[in-house]
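Produce the complete structure using the sequences and hints provided.
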Amino acid sequence: MKAPGMLEGITLAIGASVAGGVLAALLPILFSEYASTQILIAGLGLGYLIYLLKRSNERTGRVVMIAFWLVASLTCMLLEASLLSTLLVQAALIWIVRSLYFQASVLPALLDLGLVAFGLLASAWAILQTGSVITAIWCFFLTQSLFVLIPGFARTHDNSRYFNPVEVDRFQSAHRVALDAVRKLSTIN
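First residue of the sequence shown? That's 26 in my numbering, and the numbers climb one at a time after it.
Don't take every hint at face value.
To be verified - Simulated DEER-style distance windows between Cβ atoms: (1) Ala92 / Ala206: 30 to 36 Å; (2) Gly72 / Ala142: 29 to 35 Å; (3) Leu95 / Thr212: 27 to 33 Å; (4) Thr100 / Gln197: 49 to 55 Å; (5) Ala206 / Thr100: 20 to 26 Å; (6) Thr100 / Val131: 53 to 59 Å; (7) Ser211 / Val131: 52 to 58 Å; (8) Leu95 / Lys209: 53 to 59 Å; (9) Ala206 / Leu125: 40 to 46 Å.
Simulated from the structure, these hints should not be mistaken for lab results.
Every residue, glycine too, gets a C-beta built ideally from N, C-alpha and C.
Quick look at the structure:
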């Protein structure tokens, strides 16, 4: 699968802003302002997490990551954590997923952490300047679209350290023996 690109990230930022704006308008009808903001933050976090997992070439651990997100989000909601704490937990989960699924080493993962922090700062600045949830969501996800520019992004994890040529030789040898056995069986009849 092709790695995500900048244009895809910008499109995602637009979609998240629109969805977040609609949810920010509709959720307070059903829930308190605090609960609706918690649900909005968790919902956007889940949506982005699913997007990242879907775009990753790595297949292992997806269910565990979703379960980890669910436990972290429910813990925030049940403990009635502050909105800032909930936001930081969701941002940390985004960073963890991108570090595990897209970054090949520690330095790109640390740069990604800086990008998540910058996104939070841009989002805070936007909401303080405009008072608009849509603008804050747009700023956060727009900055997150830059993660594709991090050096070493989407480099496949180096599996050569796990490659053992002796095992391949053993397999090829066993394969040849099996083919010879099949030939002998077919010539007997």
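A quick look at each hint next to the structure:
{"no.": "1", "hint": "Ala92 / Ala206: 30 to 36 Å", "verdict": "violated, 46 Å"}
{"no.": "2", "hint": "Gly72 / Ala142: 29 to 35 Å", "verdict": "violated, 21 Å"}
{"no.": "3", "hint": "Leu95 / Thr212: 27 to 33 Å", "verdict": "violated, 59 Å"}
{"no.": "4", "hint": "Thr100 / Gln197: 49 to 55 Å", "verdict": "holds, 51 Å"}
{"no.": "5", "hint": "Ala206 / Thr100: 20 to 26 Å", "verdict": "violated, 57 Å"}
{"no.": "6", "hint": "Thr100 / Val131: 53 to 59 Å", "verdict": "violated, 27 Å"}
{"no.": "7", "hint": "Ser211 / Val131: 52 to 58 Å", "verdict": "holds, 55 Å"}
{"no.": "8", "hint": "Leu95 / Lys209: 53 to 59 Å", "verdict": "holds, 56 Å"}
{"no.": "9", "hint": "Ala206 / Leu125: 40 to 46 Å", "verdict": "holds, 44 Å"}
In terms of the numbered hints stated before, the structure departs from hints 1, 2, 3, 5, 6, listed from lowest to highest.
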